[in-house]
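**Q** Sequence:
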Amino acid sequence: MTGTNSFPDDLLQLQERLHRAHAEHRAYLADLPRSVEPCAGWTRGERFSHRGDLPDSPGWSDEQKETVTRMRAEIRELSIAVVDHPHWATIARENVVAARMRLKKQARPIAPGDVTEEA
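Quick note on numbering: my numbering labels position 87 of the sequence shown as 359, and the sequence is numbered without any gaps.
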């Protein structure tokens, strides 16, 4: 580990897994009905007219609720593993936030089609 942007491989892998878990969670939530419990919709002008018509929401199935709970637990466990990693004890307290931000940027997975900048 040399230089200010070097992190242990296991910490980089944990952070990358955390980024991926967040992305999977967001993508999964985007495909779910708008409300967890069944909820009646409304038409424009009836309520919240600035949003336009909103159809009824069937709510989430028990399987969907369990999947979201499992995904949130995985994110929580990965977050704890990153924050509690022994590497942070080697960083001066006043530099931890900056180092943490560098780790997030360095470990971010690159999706196909993303443009990377050359330094």
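Bear in mind the hints are in silico, worked out from the structure with no lab data behind them.
These numbers come from a predicted model, not from an experiment.
Careful: at least some of the hints might be erroneous.
As the list claims (entries may be wrong) - Cβ pair distances, simulated, as ranges: (1) I363 x S329: 24 to 34 Å; (2) D328 x P280: 44 to 54 Å; (3) P330 x A353: 18 to 28 Å; (4) A364 x P330: 44 to 54 Å; (5) P305 x I382: 43 to 53 Å; (6) A364 x V340: 16 to 26 Å; (7) G313 x I363: 44 to 54 Å; (8) V355 x T315: 40 to 50 Å; (9) R316 x I363: 17 to 27 Å; (10) R316 x D281: 46 to 56 Å.
Quick reminder that beta carbons are idealized off the backbone N, C-alpha and C, glycines included.
**Q** Now tell me if each hint is right for this structure.
**A** Hints, verified against the model:
no. : hint                    : in the structure
1   : I363 x S329: 24 to 34 Å : 46 Å, violated
2   : D328 x P280: 44 to 54 Å : 50 Å, holds
3   : P330 x A353: 18 to 28 Å : 36 Å, violated
4   : A364 x P330: 44 to 54 Å : 53 Å, holds
5   : P305 x I382: 43 to 53 Å : 32 Å, violated
6   : A364 x V340: 16 to 26 Å : 38 Å, violated
7   : G313 x I363: 44 to 54 Å : 51 Å, holds
8   : V355 x T315: 40 to 50 Å : 46 Å, holds
9   : R316 x I363: 17 to 27 Å : 53 Å, violated
10  : R316 x D281: 46 to 56 Å : 54 Å, holds
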